[in-house]
Amino acid sequence: MKVLIIEDDPKVSSYIKKGLKQEGHACHIADTGSDGLFLATTEKYDVIVVDRMLPELDGLTVLKTLRGAGNQTPILILSALGEVDDRVKGLKAGGDDYLVKPFAFQELIARLEVLNRRSTKATAETRLVVEDLEMDLLGRKVMRAGKTIELLAREFNLLEYLMRLKGQVVTRTMLLENIWDYHFDPQTNVIDVHISRLRSKIDKGFKKPLIRTIRGAGYIIDDYDNTA
Amino acid sequence: MALLFTLLCGTAVVVMGYFSYYFQRGHFVYGTEQVIESEIQLLTLLDQNKALQEYLIKAEADESRVYAIFKSETEKPDYLPEEISLLAEGTILFEHIRRAKKYAARIHSFEDGRKLLVGVDITDVSKEFEFMQFLSLLSIALMIIVVIVSYMISRFVVDGTNNIAKTAYGIIATGDLTRRVDVRWHWDDLSNMAGVLNTLLDRIESLMQGVRRVSDNIAHDLRTPLTRLRHNLESLKSAETIKNDQESLDKIEDLLAEADHMLNTFNALLRIARIENEKQKSRFSNIDLSKIVEDVLDFYEPLIEERGLIYFKKLQSTPMYGDRDLLFQTLANLLDNAIKFTPSGGTISIATYSENGKAVLTLSDGGPGISVSEQTKIFDRFYRGETSRHTPGNGLGLSLVKAVIDLHEGVINLKSDANGLTVRLTF
Chain A
30 MKVLIIEDDP
40 KVSSYIKKGL
50 KQEGHACHIA
60 DTGSDGLFLA
70 TTEKYDVIVV
80 DRMLPELDGL
90 TVLKTLRGAG
100 NQTPILILSA
110 LGEVDDRVKG
120 LKAGGDDYLV
130 KPFAFQELIA
140 RLEVLNRRST
150 KATAETRLVV
160 EDLEMDLLGR
170 KVMRAGKTIE
180 LLAREFNLLE
190 YLMRLKGQVV
200 TRTMLLENIW
210 DYHFDPQTNV
220 IDVHISRLRS
230 KIDKGFKKPL
240 IRTIRGAGYI
250 IDDYDNTA
Chain B
1180 MALLFTLLCG
1190 TAVVVMGYFS
1200 YYFQRGHFVY
1210 GTEQVIESEI
1220 QLLTLLDQNK
1230 ALQEYLIKAE
1240 ADESRVYAIF
1250 KSETEKPDYL
1260 PEEISLLAEG
1270 TILFEHIRRA
1280 KKYAARIHSF
1290 EDGRKLLVGV
1300 DITDVSKEFE
1310 FMQFLSLLSI
1320 ALMIIVVIVS
1330 YMISRFVVDG
1340 TNNIAKTAYG
1350 IIATGDLTRR
1360 VDVRWHWDDL
1370 SNMAGVLNTL
1380 LDRIESLMQG
1390 VRRVSDNIAH
1400 DLRTPLTRLR
1410 HNLESLKSAE
1420 TIKNDQESLD
1430 KIEDLLAEAD
1440 HMLNTFNALL
1450 RIARIENEKQ
1460 KSRFSNIDLS
1470 KIVEDVLDFY
1480 EPLIEERGLI
1490 YFKKLQSTPM
1500 YGDRDLLFQT
1510 LANLLDNAIK
1520 FTPSGGTISI
1530 ATYSENGKAV
1540 LTLSDGGPGI
1550 SVSEQTKIFD
1560 RFYRGETSRH
1570 TPGNGLGLSL
1580 VKAVIDLHEG
1590 VINLKSDANG
1600 LTVRLTF
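Residue numbers (my numbering), protein chains in the order written: chain A, 30 to 257; chain B, 1180 to 1606.
Below, simulated PhoX-like cross-link-like pairs (lysine-lysine); rule was C-alpha separation at most 20 Å, straight line:
1) A/LYS47 to B/LYS1416
2) B/LYS1594 to B/LYS1519
3) A/LYS176 to A/LYS236
4) A/LYS47 to B/LYS1422
5) B/LYS1581 to B/LYS1556
6) B/LYS1492 to B/LYS1519
7) A/LYS93 to A/LYS73
8) A/LYS40 to A/LYS50
9) A/LYS118 to B/LYS1458
10) A/LYS31 to A/LYS50
11) B/LYS1493 to B/LYS1470
12) B/LYS1460 to A/LYS118
13) B/LYS1416 to A/LYS40
14) B/LYS1519 to B/LYS1556
15) A/LYS50 to B/LYS1422
16) B/LYS1430 to B/LYS1416
17) B/LYS1416 to A/LYS46
18) B/LYS1460 to B/LYS1581
19) B/LYS1460 to A/LYS121
20) B/LYS1537 to B/LYS1460
21) B/LYS1537 to B/LYS1581
22) B/LYS1493 to B/LYS1537
23) B/LYS1492 to B/LYS1594
24) A/LYS195 to A/LYS230
25) B/LYS1416 to A/LYS50
26) B/LYS1280 to B/LYS1237
27) B/LYS1255 to B/LYS1281
If you're looking for bench data, these hints aren't it; they were derived computationally from the structure.
Okay, chain A solo, but in the shape it has when bound:
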């Protein structure tokens, strides 16, 4: 994955770059809006990360200019402004995702991978498979090792989201936004309770659990081979 980072704070950009390199991704940094716009139009990137407040050209202008020129590269907006209104403004300007500073690196990488996958893969799947867990999207059925598992609608959606992003960390905020479709901060970690319920249905009685918790980040569902 080739990523362009348009960010004026060198500490933030080098932190992202370091993290991305560790994960094996290529990364370019532009520290002003106009430099970023230049790089984005002259080179091909898989994902662009853009800060909202930038010298010379602000993030939203860069975004609008790129979209106006027909550039469809997925763009994630980074900002210290976290209000719903700001979020909506950013997404309306053509952003694909919005992340509020401060963020955990896992949150950023999880979102970038989702954006990258969304643009590279046409998602017309009807079956999702993780090891011996199978999900039939048309019949809305879930089976593990040939045994049907009864799930509630909400649990089904939760599992579907995790399975679609197989092998990727899914953060709690991503789940809130995508499964419950509300922007809010839960005071208690209710999401954990939802996940543990789901776990008790699909992992109970099996040797290896499929859903794992990544401390300080979120959850992941993956094949056995990839689990460290």
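Place chain B on chain A using the hints.
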């Protein structure tokens, strides 16, 4: 107000006018009666001395008096006109047929049956009386004009102050500090005051903008170093020397959690301030409160079950105009509290319905309730009740609830009894 003032003035004028009229008339009548009565006493005395006739002729000479002696009821002096009016009980008023004068007269009966009419010339007095009457009527008319003018002035003043009050109320209700009082004229004191108020509003507006700038700057300036702190902690986790040291890794996780807690508190505080100050309704739409309650319950259901609680819901469709994300957050905060304070095995009930065109939500828990003295404080920032001091939370949940309800111009009522706390929201 203006009407009440005018009514009072009007009543005062009528009372005063009537009083002055009545007083003057009474004075006039009484005076005349007195003169006639003393005349009659004198004449009775003269009659006993047989000197009556002589005196009458002498006294009548200058036409200031008129007399007549007659023997029976039917007899009548020839100068009496057809029209006789009654001045007061026992006193008549007439115009002399041969003289161009007005007399007030009384009839006295002597012991032997003769009757004596004694009349006093009141032409001058009555002219004066008429003039006085004219004056009092004039003063009543003037007073009425004064009342009308003062009514108009008070209308002007009341309209002006109402206009100022309306603008002020509008600003309080919407938080829109750009509104100004409409100044129509520049010559009166009220417009002058409105102008001063507008200047004051200008000042408040610029101060508020300053405050917002400051808080935005704090948000930006404090979040950035905190972000760096967090980033450094995260990269520390992958450092070679620490990677395999579980104890250090655990410590870093704790530090990260602390940093996140600080940031969350900070964000929550800023969020409340923003909702309170901006009063933005740009994300308002027509929604169904019961649908949001349904979603909140759906979200919290596993937690309710895990805590061994029972819940009852009675949801009727309750359409309203509001911000679904903020309302979801509000209901989540309230339900979160209800779950936190209800002991295992307790019940939580939630209901929505429409009442008088308003959306109503009630949420009852089975917790210890909140004492009346605490009820006013729980919405303050960072306030933690006695019973909740040791539970997790930052003391901002209910402040946010209050801010969101105020934004929706709703009302929140608390009722605490032995069964628990009932929160009632009306939008």
